[in-house]
Structure formats: C-alpha cells, structure tokens
Amino acid sequence: MSNLVCSVGSGQMPKKLYAVAAEFDGPKSLYAAAEKIRDRGIKGWDCYSPYYIHGLDKAMGLGKSFVGLFTFFGGLSGLVGGFLLVTITSQYVYQMDTQGKPFFSLPGFVPILDLLLIMPSAIFSIVGLVVLSGLPRLHHPLWDWDAFTRATHDKFFIVIEANDPRFNEKASIDLLKEIGGTNLTYIGDEE
Amino acid sequence: MSYFKPTTNPAPARYDLLARHEEAETIQARRDIVREPYVGNDLSAVSVGDRIAAVVENPAPLWWYIAVSIAGGLASFTMIGILYLIVTGVGVWGENKSANWAWDITNFVFWIGIGHAGTMIAAILYLTRQRWASGINRAAEAMTIFAVMCAAVFPGVHVGRVWFAWYMAPIPNGNAIWPNFRSPLLWDVFAVNTYLGVSIMFWYVGLIPDAATMRDRIKNKILKYFYAVICLGWRGSARQWINYEFCYLMLAGIATLLVITTCTVVSSDFSTSVIPGWHGTIFIPYFGVGAIYGGFCMLIILLVPIRQLYKLDDLVTLRHIDMCCRFTLLMALLITYIYGMEFFIAYYGGNSNEFYHFFENRMWGPYWHTWQLMMFFNCVVPQLFWSKKVRRSPWLAMTIVIFPSIGMWLERFIIIVCSIHRDYLPSSWGMFYPTWIDIMTFAGTFGIFFLMYLLFIRFLPVIAISEVRGVLPEANPHDPPVVAAEKNGARHE
Chain C
1 MSNLVCSVGS GQMPKKLYAV AAEFDGPKSL YAAAEKIRDR GIKGWDCYSP YYIHGLDKAM
61 GLGKSFVGLF TFFGGLSGLV GGFLLVTITS QYVYQMDTQG KPFFSLPGFV PILDLLLIMP
121 SAIFSIVGLV VLSGLPRLHH PLWDWDAFTR ATHDKFFIVI EANDPRFNEK ASIDLLKEIG
181 GTNLTYIGDE E
Chain L
1 MSYFKPTTNP APARYDLLAR HEEAETIQAR RDIVREPYVG NDLSAVSVGD RIAAVVENPA
61 PLWWYIAVSI AGGLASFTMI GILYLIVTGV GVWGENKSAN WAWDITNFVF WIGIGHAGTM
121 IAAILYLTRQ RWASGINRAA EAMTIFAVMC AAVFPGVHVG RVWFAWYMAP IPNGNAIWPN
181 FRSPLLWDVF AVNTYLGVSI MFWYVGLIPD AATMRDRIKN KILKYFYAVI CLGWRGSARQ
241 WINYEFCYLM LAGIATLLVI TTCTVVSSDF STSVIPGWHG TIFIPYFGVG AIYGGFCMLI
301 ILLVPIRQLY KLDDLVTLRH IDMCCRFTLL MALLITYIYG MEFFIAYYGG NSNEFYHFFE
361 NRMWGPYWHT WQLMMFFNCV VPQLFWSKKV RRSPWLAMTI VIFPSIGMWL ERFIIIVCSI
421 HRDYLPSSWG MFYPTWIDIM TFAGTFGIFF LMYLLFIRFL PVIAISEVRG VLPEANPHDP
481 PVVAAEKNGA RHE
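Taken in sequence, the protein lines are chains C and L. Each residue of the first sequence is one higher than the one before, starting from 1 at the first, in the numbering used here. Each residue of the second sequence is one higher than the one before, starting from 1 at the first, in the numbering used here.
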C-alpha cells in the first residue's frame, strides 16, 4: 500500500481517498473559513495551525476539552490512594511511636496527601492530552503531503476527511475553493 | 408587585447613543496607552520561528564548546566529592556536633529556591495572563529542572550511607519498617520528587508543539528522529490545540499549588523544630519569597548572555529584563520586611533564647560578617533597580543580581549554621568550618547546572516558539477595536 498525494486538477486521483485539503495564508482567513464550514454542518474535518488561535474552537463549533476530567479523577485517585497508604501503614502495618504522637494524625499527613494528589493529577492531565488528541502517532496520511510540513511553521490548512458518510468529494472541493482555500489537494492511497 | 416591574421599552435611541459614546471613550483610552510590544522589531511569526530555531540549526559557536568544557570540568568536582564521600563517610564534610547540618542543606535550599522562580514565571504568570512571560518561560522552566536536579544531590548524599537512601521511599525496608509519614523530612522527600516530576512534565508539554516545528524544519536526520519521537506525532490540529491549551492550564494550576506546597514543606524542615532561629511561623512565606528572589536573580544571569550571544534580543526584550528586575526589587523589599519581622518577633516574643540568638549571636556572634554581607547584598544592593536606566542595562543588571544570588546563599547558611552552632547547651557550642570536599561538591553543582543548561540551549528551542507566535498581533483572528478604528490612520497597521 503506497500513499498518493496529488493536487486537484492534475487529472490524478487516489483510489482510496483519505481527505481533501486546502491551504490558507493567515489566521484571519482560516477563522472565517472555519465558520463557513461549521455552518454547512460538515463532520470529520479539522483546522491546522502553527499556534493556538484564540476562539478558533468556537468558530469550528467544538466543545470544551475533556482534559479537566482526567485531571480531576487523577487527583481523586491519588488522594484516596495516598490516604489509604499513609493510614494503613501508620495505623495498622507498622505503628511507629514518635514522641507519643497519634499514629493516625491527619494534620501530619496533609503534606503527603497534598503531594500525592498533585503527582497523579499532573500525570493524568498529560494522559488526557495524549489520549484525547489521538497521540502518539507514528504515521499520518497528511505527512505524505510536502506542503503540510509548513503547518508547524507558517501555513494554515483545512482538511475535510472522507470518513463522513455524507462526504461528497466534489462539493467539498467547491466549498474549499469558495471559502478562499488555495493549493487544493487529494490525500489518499494508491490502491 | 407590578409597581416594581421594569419598563419593557428602555428608549433604544438614547441607550445606543450612550453605548456608542462609551465605546468611543474606550477606544480613545486604549489608544492613549502605548504598550511595549511583546516582541521587538515587529518580528513576524515566520521570523520568530527562524530566529529561535537558528540557535539549534546553526553549528555550535566556539564559545559554546569552551563553555561546555569548563562546565563539564567543574561538574566533575561534584562527582569526585560525592565519590570520596561514599567511599570514606560523611565525616569528610565539616559537619560536627552541634552543627550537624551545614553546607549540604544550605546548598539544597539554595538550589531548590532557584527552581521555584522558574515555576512561578511559567505557571503563576500564565494563570494571571501576563502574556509577556511567554518569551522567557521555557528558559525559566529549564532552570527549574536543572536547579532541582542539583538540589537533589545533597539530601540524597547527606544521609551518609547512600545505599540505604531507598529507606526514604514509601515501601517497607528489610525489617518491614515503613517510613514515618508524619516526619517533615519524609515530606521533603515527597516534595522534591513531586516537584522534579511535575516540573519536567510541565516543561515537556510546553515543548511538544515546538518539537514538531523542529521536526519539520531540521535537516539533520538523527535530530529529526529525536524531535519526531518527543513531539509524539503532533500535527497542530485545532482539536489537538484545545486539549493542549486545557492541559497546559491544568498543569499551570497544579504547578502553582506545588510551588506553595514545596516552599511550605522545605521550610517545615526547620520551623517544626524548637531551635531558636528556626522555630518561626514566618518561615513559609520567608522561604517562598527567598526562593523566588534567588530564582529571578539566576534567571537574569542566564538570560542576559543568551539573548546577546544568540542575537535573541528581539525576543527577550529589554522589557523582559526590566520585568525580571522589578520582580527582584519587589522580592528584595519583601525579604527586608521579613528580616526585620524576625528580629521584631525575637524582641516582642520575650523568649530569652530567641533574643540571644538574634540580637547577640546573629548580629555580633562569630558569623557577624556573613550576616552583614547578607543584609548588604540582599537588602541594599537591589535598591539600584529603582532606576529605570539600571533595569534596562542588561549587563549592569546581570552584575547587580550576582550579589543577591550570593546573598541568598549566605541567608541559608545563616539560617542553618548560625542557628544550630550554638544550641541550648553551651557546653556543646562550636564552630563550623567547610572542608575542601564541601567546597568542591558545591562548586561542582554550578558545573552540573550550566552543563545541563548549555546542552538544553543547543538541542531544544530556548524560547517557546508557538507561544510567542500566539501573542503576536498577527495571530489574532479578530480585529481589535483600536486597530479597527484606526484603519484609516494606520498607526498599528
């Protein structure tokens, strides 16, 4: 299976289409274009930019990120696990008498519980980022497109993926042309 | 109740007029504030990336090789010192009874303090929307990680028999004894490890988009592979960016909580004891302020040569140096207040031991010169930063902050050695003198720190490319009201 990237109008066309993509030259044109695609109700599309564009999630009609849930449950599991660790060991497993202080002393446990809350919530936030963003990835069809290497540098892209059942290749190209996209390209597999 | 019902028709014409008037006033007010741009010389997003990536892409300059050899040579001092300590015993240091903590813990608190400012810049300034900090946060976070690594050397080694250091981990040891979770020294182990871990995670998440940028730019095959692995296959799609921004926000909040916790825990090592000079509730803000103070000084020492040698002065602008100097001055004032408050409490508290410790031993005792130097370096020297001219002369500012950096080390020495060398029992009073192993081990940590830092600026983007691009005016997809109103006058465009 080899990958094929060919520009629209060149007469070539991949047999198995992954997506049609277009290039934009700035955050403003990307933002305006994203609003129009959102209003068409298209599913399975994405904008690519070298930096976070403020408000683009609204222009695309995306909801809030769920990373916060990972943080919360990570912290909760750390807190509960930490509480069990210090309580069971200090109270039941090995009672260490230091200057007659109580074996179960919540004020004395606070710093440990706090730190055991922080560590897993940080780890789970990153797990959330990685899982929700579909990372890590060794390969992606878009990386076969040479122009796409500039998505982390100075170019902005909109990619309409073909996995939507209502995907219409011709209408998508017309739409991308209409909203100001240039360098329209098919991305897919040769066979 | 219909009497109180609001009128349904609030005279639309007048309301409109008022709103328009207010809008015009706001535009005028915004026009009057001339804000210094975040990035100098009107750099575009493309040239921001080019400038920062050039540091990594161009061949290393000669000075870099010289600096790496010097730092590497210096770093070996710590290795030799630790090796000698492990094969001989902890007696090779100058510790004795009753000064059983000395340079080891001084160095530990000194380095961990430097770490705190990095997190403060990256996390707290991020949460408070201080967007100018995007130019220096990567450098500051890297400083945090390397400083915490240097700090971790000392508590790990000062236990003496380092092969038993794993007793500090929350697992039962050979005799099925669990650690005492109520002990401040165990809190310390947890705090330092958590701090190191979370700092690395925070720094790493910031690096992901920049690593992707480097992956797409760099020609060198091996480095390309390296960046491709660490960026996890980042593509910069909007769906990834919203998760990324949210994750960064969460980590910033977590790191802020962690800075406060770590200052608290490190200061609890001292303040939970009953030794005069340690037994103070002021220690928690005291250590926090001292940490941020020392860290900002170190950051200025790092940033000034980097911006000059790599020609990054449009990205780390004079405004950044100015802001760091202002923070330094603020912390100097706070620490002066705290020094004064320590003396006031010693006087007002009416405890004769405390009184003796502060007014006789600390001021006029055998370490009087250390105390006076500390007061001069930490409280007097930074007052030069009241002058804008001084704050905006990078090399002068860098020279000035070397003094409080030394002063902050002296402060930790005063807190530790000066407090314990004369305890409650005069028959056990003594003096602490460092041995050459003490001096070597400490000097070597600077080598470790600068070696790590030099490697960092060689292989990773020293400034957060995507973040700086994000604060440029061209990155804003909306027309700001001032620009919209001035389209004809064209002052901003």
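Be aware that a few hints might be false.
Said to hold, decoys possible - Derived lysine-lysine pairs resembling DSSO-like cross-links, with alpha carbons at most 27 Å apart:
{"id": "1", "chain 1": "L", "residue 1": "K389", "chain 2": "C", "residue 2": "K155"}
{"id": "2", "chain 1": "C", "residue 1": "K43", "chain 2": "C", "residue 2": "K170"}
{"id": "3", "chain 1": "C", "residue 1": "K170", "chain 2": "C", "residue 2": "K64"}
{"id": "4", "chain 1": "C", "residue 1": "K155", "chain 2": "L", "residue 2": "K219"}
{"id": "5", "chain 1": "C", "residue 1": "K155", "chain 2": "C", "residue 2": "K177"}
{"id": "6", "chain 1": "C", "residue 1": "K36", "chain 2": "C", "residue 2": "K155"}
{"id": "7", "chain 1": "L", "residue 1": "K224", "chain 2": "C", "residue 2": "K155"}
{"id": "8", "chain 1": "C", "residue 1": "K155", "chain 2": "L", "residue 2": "K388"}
{"id": "9", "chain 1": "C", "residue 1": "K177", "chain 2": "C", "residue 2": "K16"}
{"id": "10", "chain 1": "C", "residue 1": "K28", "chain 2": "C", "residue 2": "K64"}
{"id": "11", "chain 1": "C", "residue 1": "K170", "chain 2": "C", "residue 2": "K36"}
{"id": "12", "chain 1": "L", "residue 1": "K224", "chain 2": "L", "residue 2": "K97"}
What the hints assert, rightly or not - A few chain L residues facing chain C, derived, Cβ under 8 Å:
{"id": "13", "residue": "A191"}
{"id": "14", "residue": "W234"}
{"id": "15", "residue": "I254"}
{"id": "16", "residue": "G350"}
{"id": "17", "residue": "N351"}
{"id": "18", "residue": "N353"}
{"id": "19", "residue": "P473"}
{"id": "20", "residue": "A475"}
Bear in mind the hints are in silico, worked out from the structure with no lab data behind them. Glycine included, C-beta positions come from ideal geometry on N, C-alpha and C.
Now the hints, each set against the structure:
1. About 41 Å separates the Cα atoms of K389(L) and K155(C), which puts this hinted pair outside 27 Å; it is violated.
2. Our distance criterion of 27 Å between C-alpha atoms is met by K43(C) and K170(C), whose separation comes to about 16 Å.
3. Between K170(C) and K64(C), the direct Cα distance comes to roughly 32 Å. Violation of the 27 Å bound is thereby established for this hinted pair.
4. For the hint linking K155(C) to K219(L), the alpha-carbon distance of about 19 Å falls within 27 Å, and the restraint holds.
5. Restraint check: the Cα-Cα separation between K155(C) and K177(C) comes to about 17 Å, which is no more than 27 Å; the hinted pair holds.
6. At roughly 19 Å between alpha-carbon atoms, K36(C) and K155(C) fall within 27 Å of each other, so this suggested pair holds.
7. A threshold of 27 Å between alpha carbons decides the hint, and for K224(L) with K155(C) the separation of about 20 Å falls inside it, so the pair holds.
8. For the proposed pair K155(C) and K388(L), the alpha carbon gap of about 40 Å is over 27 Å, so the pair is violated.
9. The suggested pairing of K177(C) with K16(C) holds, with an alpha-carbon distance near 22 Å, which does not exceed 27 Å.
10. Note on K28(C) and K64(C): the hinted pairing holds, with a Cα-Cα distance of about 22 Å set against a maximum of 27 Å.
11. This hinted pair checks out: K170(C) and K36(C) have alpha carbons roughly 17 Å apart, not beyond 27 Å.
12. Annotation: proposed proximity of K224(L) to K97(L) is violated, straight-line Cα distance about 55 Å (limit 27 Å).
13. Because the closest C-beta pair between A191(L) and chain C is about 6 Å apart, less than 8 Å, the hint holds.
14. The closest approach between the C-beta of W234(L) and any C-beta of chain C is roughly 7 Å, which is under the 8 Å cut-off, so the hint is satisfied.
15. Evaluation of the I254(L) hint against chain C yields a held restraint, the C-beta minimum of about 5 Å falling below 8 Å.
16. Here the hint on G350(L) is broken, as its CB sits about 26 Å from the closest CB of chain C, past 8 Å.
17. Checking N351(L) against chain C: minimum C-beta separation of about 21 Å lies over 8 Å; hint violated.
18. With 8 Å as the threshold, the beta carbon of N353(L) stays out of range of chain C, its nearest partner Cβ sitting at about 20 Å, so the hint is violated.
19. For P473(L), the interface hint is violated, the least distance from its beta-carbon to any beta-carbon of chain C being 11 Å, above 8 Å.
20. With 8 Å as the threshold, the beta carbon of A475(L) comes within range of chain C, its nearest partner Cβ sitting at about 6 Å, so the hint holds.
In summary, the structure is inconsistent with hints 1, 3, 8, 12, 16, 17, 18, 19 from the numbered list given earlier, while agreeing with the others.
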